[in-house]
Each structure stands twice: as C-alpha cells, then as structure tokens.
Amino acid sequence: MGISIELEVNGAGVSKEVEPRLLLAHLLREELGLTGTKIGCDTSQCGSCTILLDGQAVKSCTVLAVQADGSEITTIEGLANGEYHPVQQAFWDNHGLQCGFCTPGMIISCVDLLSTNPQPSEDEIRHGLEGNLCRCTGYHNIVRAVQDAAETMNG
Amino acid sequence: MYPSKFDYHRPSSVQEAVQILSSNPDAKVLAGGHSLIPVMKLRLAAPAALVDIGRIDALQGISRSNGSLSIGACVTYNEIANSADVQAAAPVLAEAAGQIGDRQVRYRGTIGGNLSHADPASDLPAAALALGATLHVTGTGGSRSVSASDFFVDLMMTALQPDEILTSVEIEAAAAGTGSAYVKFEHPASGYALCGAAAVVTRGAGGSCTAASLCFNGVSSTAVSASDVASSLVGSDLSDDAIVSAVSGLSIPDATGDMFASAGYRQELAKSIGIQALLAARDRA
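Protein sequences, first through last, are from chains A and B. Letter by letter, the first sequence follows residues 1 to 155 of the numbering used here. Letter by letter, the second sequence follows residues 1001 to 1285 of the numbering used here.
Hints were generated in silico from the structure; no laboratory data involved. Model, not experiment: these values are computed from the prediction. All residues carry an ideal CB built from backbone N, CA and C; glycine is no exception. Treat the hints with care, since some could be wrong.
Stated by the list, open to error - If you want the footprint, here are the derived chain A segments under chain B, 3+ residues with CB under 8 Å:
| hint | segment |
| --- | --- |
| 1 | 16–23 |
| 2 | 31–37 |
| 3 | 64–76 |
| 4 | 104–117 |
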C-alpha cells in the first residue's frame, strides 16, 4: 500500500507515493538521487546520514519517509547557495576530512550546532558532534573547521 | 536495511489511535521511532502495523499549573533538556534527557516512547521514578493513572495494556530546599548507562534532610529505587559521611551481569555513582 507524501527538499517541492517502510535516507538517495547523504552504519550511530528536518539535524536512516511528510529537508546538496556555506568552506580550508565519507553528515551537524550555539567552546563542539563518527579519526581538524566557521559566521 | 512490511496508520486523536491498536493486536505505537525503527531494521521486531502518534496535538507540549508539571508523551528529549519549566520544576529530568544519545537522537526521541519502551539502560526511567512521576495512560476502556513505581514491570515490560498509550507524564514541582542530580557511567561506545543514578534530596529549615530518593538505571531489569538508602538519609545532616554511610549498605536485588559488566561490578558501580549523585544533589539543595 503506497502512501502519498509531500516534502520540500532543498527548496523544491517533492510529491511521492512511498511504501511505509521506506527510510528517509533511501528516499533521498535512491528515489531523489541525492547521494551526498551517506549511509554508514545503518544502526543510528554513525551520523553519516544526518540531514536537516525542519531545521533540526536528524539521522535519516532512522526516520521513515512517511514521518517526514509535510517537512522541509536540507541535505548537503542544498547547503551551498552560489558559493559554499561557511561550514563547507571551513572544512575545505582546515582540511576537516580525510576519506570524506562522514563529511556530509558532519557538516550538517555542524550547521545545526552553530544555529543553536553560535560560539561553542572546543568542549561543546566535541560533545555537540558526538552523534557523528569519523573513522579516519580526523576530529582535530574537524574541530578547527567548526571554530573557523563560527568565526566567519559571527564575523 | 529495510524493515519488514507493515501497514501505516496516522491517527489524529488518542481515541482513534487506541481504537486502531485494539483492532490490530500485532500493531506497535510509533512516536520518535528511535528505539523502534532500529529494531525493525534489524528484524528483531516485525509489527504488522505501526500507529504513528507523532502528530496528535494532545500529546505535545509542556505545561505548568498549580505546582505541577505536565509533559506530553510526544515531547522530545531536546525539548525537555532545554525547557525552562522542566529545569525549574524537575531539573533532574532535564539533566537526564540532555545525556541521552546524541543531539540527533535528542531531536527525535520522546519521553513517552522512552518510558513505554522501558529499556533499563536508558536515562529517563530512574529520573521519573526518583521524581515520583504519575503516568497518564488511555485505552479503549478509558483513562487511568499509574505511578512510576508501578509502571516498570520487568525488562522492557510496563503496566501498559496492549490497547493503551501513555499520554502524559505529571510531576509535582520540586519543594523549596530541594536539589537533584543525574550522574551516569556510560558505555563508551553506545552511550547507554552501565549505571545511571538519579538523586533528589530536600533540606528542611534547620538544614537536615526531610526527603530523599535515589534511583538507578542500568543495574537491574528495570529502573530501581534504593528506598533503604533514601530512608536512612532522612533526618541526617546530609554530610559527606552521612551520604557515604547510607550508600555503603546499598544492595541491588537481581543486579544485571552481561558482556559489558558483571553483576558484582554493577553493585559497586551503583555505590560509587549513587554517592556522586547524592553529593551533587545536596550541593544544589
């Protein structure tokens, strides 16, 4: 039985008929082709699938597409607006990645963190990103990137 | 990983939701989904139907009236942790909610889902128990209230009947002179509590303890209240010595032993974490 849902994904309206068991991460990647959102652990731990759902960072592998009906979604593809978002630029400038797999989720979580805490301490950044795992263990540069982005955004 | 197929219902009222539950014995209630969806993806659960209560207005929001705090079942951990009303009236609940999972999980997980799931290693059950929370539930036969101490029956089992939904959690606002704390020793990978202690103490006008509670997550098949410790603290001066001595006799009946920690280890951990929670609560009283 298909369920009709309507969403706004990166500013564009989307209408779909979906199976109730379809996960939001699969809707984004497989139905909408937005493969910037990664699926890492698939068990709600690694945060690679993090997207903004009505402005809040959530793990899209643990949300049913039908639960997101009527919501606004921003994925990594929707962050840049002509030029890189300050968090994207800061990851670039500070080499806040190694293999890059965790990066889309990491950047989305940073955007959410800075929206609720524009000037986080190093400790607050590390705790704020506890839902995102970098298996290259590139955390030091990621923290520097968040500090840099905070400075730019407050500038 | 896809869950097994299921029918999806999105009722707009509690009445409608419990009707669907009563006519679908193999249905599960879906709120934030952060306990249910992971087990469905692993095929450890395969309900025939989900009843999504996430959009029912009556289950949202936090309100305070006549000294009591009411929290709708679908209020998220993030809302609880950041609510000025909860921080003022039941700070230990806000403190525990802020330690659950990570920020993404706290945006989605709900108090109703947490308490109904009754995972002993989660953080809210002991806080609800220590605060003497009243849980309001509704089924096809009507509504009733269950005290937190009667709600947690066994490992992931509650007093909820198959057609009942937890609708709200009511907590009496903390009396003057009350301090509380939630201290957790967590598993470093999962973040779940190997032991979490919720302590609430009240000092009378003369400084001595007039009321106390100390409850634990993670050490037994349900959240447990260390009522012997609490009663031996009442009347004391809440000095370091009084707290250490009260906790020294702590015994957790049927302490859990598993691949992460033996029962004996958890017993000792509960003493240490319990002392830390009581000391912090006293300093805030």
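Hints versus structure:
| no. | hint | verdict |
| --- | --- | --- |
| 1 | 16–23 | holds (count 5) |
| 2 | 31–37 | violated (count 0) |
| 3 | 64–76 | holds (count 3) |
| 4 | 104–117 | holds (count 3) |
Taken one by one, the earlier hints fail for this structure only at number 2.
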